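Residue numbers (the numbering used here), protein chains in the order written: chain H, 2 to 531; chain C, 9 to 378; chain Y, 475 to 550; chain S, 19 to 417.
No lab work stands behind these hints, which were simulated from the structure alone.
Because the structure is a prediction, the values reported are computed rather than measured.
Just to be clear, a hint being listed does not mean it is correct.
[Stated by the list, open to error] Pair by pair, the computed Cβ-Cβ distance ranges are:
id	chain 1	residue 1	chain 2	residue 2	range
1	H	T504	C	L279	46 to 56 Å
2	C	L96	S	Y98	41 to 51 Å
3	H	R234	C	A119	51 to 61 Å
[What the hints assert, rightly or not] Calculated pairs, BS3-like style, for lysine-lysine (alpha carbon to alpha carbon, straight line, at most 30 Å):
id	chain 1	residue 1	chain 2	residue 2
4	C	K189	S	K205
5	C	K12	H	K507
6	C	K375	Y	K499
7	H	K491	C	K224
8	H	K507	C	K88
9	H	K507	C	K189
10	H	K491	C	K14
11	C	K75	Y	K539
12	S	K379	C	K189
From the three backbone atoms N, C-alpha and C, an ideal C-beta is built for every residue, glycine too.
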Amino acid sequence: MGFLNRTITKIFKNPTLGHPNPTRELPKEPLKENLQDNIEHIKKTLGNSTDLVVRDFFIGSKHKIKAAIFYTDGLADSKAIQDFILESLVLEIPDLSLVPENDNYSLLKNHMLTVGDIKDATEFHSLLTSLLSGDVILLLDGYAKGFTIGMRGWKDRGVSESATETVIRGPKEAFTESLRTNTALIRRKIKDPNLWLETQQIGRITQTDVSIMYIKGIVDDGIVQEVHTRLDRIDIDGILESGYIEELIEDETYTPFPTIHHTERPDVIAAALMEGKVAILVDGTPIVMTVPTTFVSFMQTAEDYYQRADVGTLVRMLRYFCIFISLLAPSLYVAITTFHQEMLPTTLLISLAAQREGVPLPAFIEALLMELAFEILREASVRMPQTIAQSVSIVGTLVIGTAAVDAGIVSAAMLIVVAVTAISSFVLPAFDLALTVRMLRFPMMFLAASFGLFGIIIGVIAIVLHMCSLRSFGVPYMSPFAPFNLADQKDTFFRMPRWAMFTRPKLINQKNMVRVKSTPPEKPGDLTEE
Amino acid sequence: MLEKGKLSTRQLTILVMLLTIGDSILVIPPSTTHYARQNAWISTLIGMVIGLLAIYMYSRFIKLYPKLTLIEAIQKAFGKWLGTVLSLMTLMFFLIVTVGSMREVSDFVIAEMLPGTPIPPILTLFILIVIMATRLGIEVLGRTGEIFTPMIIILFLILTVAIVPQMDIVRILPILEDGIKPVLRGSISITAYTFLEPVVFLMVLPYVSQQQKITKGLLLGCLLGGTIIFLTLTVSILVLGPDLTTRDIYPSYNIARRISIGGFFERVEALIALQWMLTLFIKVTLFFYAFILGLSQLLKLKEYRVLTLPTGLILVSLAPIIAPNFTYYNTVFDNYWVYYVITFGLVLPLVLLGVAMFRRALSKDLKSQN
Amino acid sequence: MDLVVILIVVAVIIAVEVPLMWRKKLIEELWVFSFLLLLGTFFGVINAFHIPVSNPLGWMIFIYKPVADMVNAWLA
Amino acid sequence: MKRRALLLCVVILIQLFVTGCWSRRELNDLAIAVGIGIDKIGDQYQVSAQVVLPSQIAGSKGGSPQSPVNLYKATGNTVYEALRKITTLSPRKIYISHLRILVLGEDLAKEGISSVLDFMSRDTDTRNDYFIVVAKDTKAEDTLKILTSLEKIPAVRLFSSLETSEKQWAPTSTVTLGTLITELVSKGKNPVLTGVVINGNVDVGQTQKNVETVDSPTELKYSGLAVFKEDKLIGWLNPEESKVYNYLTNKVKSTVFYIQCPEGKKVSLDVFEAHSKIKGSMHNDNPEISIEQHIESDIGEVQCRNLDLTNPKTITELEQIANHKVVHLFETTIKKVQQEFKSDIFGFGEVIHRSNPQAWKKLKDNWDQTFVNLPVSVKTDIKIRQLGKVTNSFLEEMK
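So here's chain H without its partners, still in its complex pose:
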């Protein structure tokens, strides 16, 4: 899509592009011997920010050593600072040992600081970074280095129930905003030394932690490598949500279809990891992405695997059916009622015609209006606070629905069609796929309105062509349908019994295929023989 790229960059050209970037790089200058200078310097760099706490004090009573701790209020755990730093340093110091001759720095480090996570900081940049991410800095007078003490403890939303991907059977927990908690949640599910975790900072200003997780030995190393290169390619001022990353690393930008799957459920991520996918976690968002992604993964929900196989299969087929309904229902209605009336049974035709008696608009405009109205309603009810949302939907149903029909502006049949479309678009488990369908519905309606079924057929062919051309991290998007792979059909249209899904998806990884070794359960023979 070079063409579009060019135009877009032309239009939205950043005026300061090419100039040295606006953020002030912190100089990598070393710490000074003199404590006072250090304090001044730090205060200066942070512009006396009011949430910076500086407390200077003396260690020991006879030979006093001047020291100071810095921490960012709210990010560091002030209670712990009380107990483990101030108390132990100010009160419980065995006086004799502190003599100017010997190396008090390592003395403190080795014998007195009763905290686990201690690192040395020798220059301002790293020191400030860790200070701002919640660590405590302890500086001694007369030493050109200081301790960064890990005492991060900020207010943080506890692990709560999943809001968007609810299940009836299965774990309820969902990811939170803090990266650590999320990794912990995943580790809780996979206790395997091969579950590896790599973290890097992305974003010049935000310095957001982005980590990728995969199971060594299952994952295809090529894909891990690819993920690394794509992440390293990113140069952006800030990452606030996984969406930023997604847009920057996906294979194809100009496609309505999502090529990266994301979820807020740890169990889904665990399953993906065991299929040999790579998980990308971003600090500050409860959404975790997995690559590579195929189309089928948008049609699977966690619950398919917790229910029994037949139920799972049935529900899944329902979904595939619904995606067609929500994509084609309005266009089919338009096409058939305006071009191919001979395809309706006589009685149905008569009753439809009766409903349309006196409807002023052509069917296509009618459909367009109703779909539009519905989209508006949905958007409104999503953005509204819950309480108002309900009233909005009531207004919608009453006004748009009943009133419009009674007024004879739209036919009842059209209303039914729109309603069915809406409901079946809600059936799709992945919200962003539902969005795709919503988008594609309108061009299909255009085609239907001008070329009838012929147009619809052409449209469908075009969509399928496009989907077949997509790839996600080198894996064909439509696999295992195309290229067809019999072994992988066990988890696409159907959800085979657990004992039958004994290999991992072929196209995602080639090695370490074996998954289930247990054989189908045997029926216990008749116990009361003889």
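Starting from the known structure of chain H, arrange chains C, Y and S on it as the hints suggest.
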């Protein structure tokens, strides 16, 4: 190489099948039944045998000209001048077939789906997806075929089963009342249009991933496609009888119209139309692709996608004027076009094979002499 | 009217393809491209002005008539 | 691959240009014709179309009780022309895809129907799922005027009653365009069509009164089959004979006929399965037809006092009587058709064609003469299976 995509054997098979069904399922029943009357199904079988032989020949072809498309092979066999001329004629053949098929598309759509719609918009819409597919390359086309094939087959079976109640065996009786000749005459068209058009795959075979499995793939695809054609023709005779089959322009479409199961499963001709659009799309795309690729190979171009749009324009504006009316097109189609297809589908490859074998023998002799 | 449509289409095609070819210095392609485009426009114009084309497939009939007659005679 | 977006834009543009052109027609621009009648007036065709008023059939809001259908008619030199002329009367274009029944006037039928059928087979709107009938001694137009109850749309009523009567009683035959044309072109079989008659006064029939009373004064009713020679109506079969036709063409699903028991009273048999084998043969190059008719039936009603149904002999006896009756009926009917109409409606010619293709080549040209005195042998084999709820009739005990 211009085309980077790779085609799996399964995809090859599927494409061959879809191409074989192609437009034959639409236009073959009347023209075959016209000569062979109620014995048209025999003509189909004859055609299938010849077709399988031809297909087998194609697979020999790729053995003798490894890694070469038809155009390149012609160049290699006949040298610069003669080669260029022959290549141009072959390309023209591809183009003409494409135009013909598109004419059929528009004729069908206007006759049965959108009466009263002018031709150009329909063809424009159609050629746009063809161009899209060509630009995406042969691999994507293969995948698309994989997606649609199950649907096509299932639909076909459902419809065939649904029409069974209206079949009447006496309609294909008596067998061979006027001897074999009419049957042979009928089998000419079906052989040409159904079983010789896979010659276009000589442009594609080099891009198949497992070269050794090509023969199997080709034969299987041809067999599947042939079976579907055979079923269609037999069913339309069993349901409509030879008379209506000849008189109707699209008999199989009328059959779909007659389907009525329990008063609710009826008026399903849209499904049929869907299948045909798909198979026609595959056929047109393959020939279009062959033309574009061949042209750029002949002229040693580095990039073939840029040629798609202007060629599309040519096709869209050529399709309406290739024949002033349906009758003219049909006459040519029945009487002369067949031999055109045979020339390039049967004769040309045979000649090429001959040349290759001759060369091989010659080189052997030389070796043996010294 | 038809002519206008044709010209628009041609313009769009040029706008889409030519700049890229130009940038990539695909000169031969450009020649072939323009030739095909001209051909297309020519046929388009024939359509637009309803210029009568008497029996366009005549050459095919001319070439294959003997064969056809022979076969028909044999299989009649 | 590149610039798919721009191509898309082009498509969308084309869309915007063409949306709402050409062949699109809104549902409420259609006049849905369910019945069409064709009459010959002079050398002009009169086409009358029965058009549904949807709001009257399915409309939720009940306005003034209006008739559920309208009848538009126009005359023209050709059928198509006449049909289009109707637009001068009706506000909407007549839409015939949902045609249920096509009524041909008797006078038209006498002059030949083939001329009108071509239009019906050529027009792209028409399907093959409507029935064709002949208006017996009346005009096709009138049969479409009669209002009917129980099924609001008269044409639909004609359609479904024809279907049921063929299944249940079998003197009628459902003929669609496809079969009719096939029979017209085939040398070895001539077509038949069911006849529809009007009992009562047309002028009463077309008013709302007709459906308000319990016993409608004017009724539409099927009676017998119209026999055609080539495409001309040449005579009528009465219901009994029509039934024979259906037996011979294997159309009988179920029917009822009575036989006389020894004492002269009646026993009615309920036929639930019947199929006939027609064999053709050449007997020193004269064609011969032999018919084997199998009928499976139950006893439906007994009026005879002393008839011992518990005794197997009685049953065989009854079967004998039935056989005789049916054979006689068959023979007389076939004779009548051969002598009176000289038209091979049973498709004996086709049978010969299939059995002896070579001989047929010689016969087909003057088949009609051959048919007139074609030897036909009838064998029937009637089985009586069930007795219903009781064995012997209570009549036996009554004194």
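To see whether the hints hold, each was checked on the structure:
| no. | hint | in the structure |
| --- | --- | --- |
| 1 | H:T504 to C:L279: 46 to 56 Å | 36 Å, violated |
| 2 | C:L96 to S:Y98: 41 to 51 Å | 48 Å, holds |
| 3 | H:R234 to C:A119: 51 to 61 Å | 55 Å, holds |
| 4 | C:K189 to S:K205 | 23 Å, holds |
| 5 | C:K12 to H:K507 | 23 Å, holds |
| 6 | C:K375 to Y:K499 | 47 Å, violated |
| 7 | H:K491 to C:K224 | 27 Å, holds |
| 8 | H:K507 to C:K88 | 47 Å, violated |
| 9 | H:K507 to C:K189 | 54 Å, violated |
| 10 | H:K491 to C:K14 | 26 Å, holds |
| 11 | C:K75 to Y:K539 | 37 Å, violated |
| 12 | S:K379 to C:K189 | 17 Å, holds |
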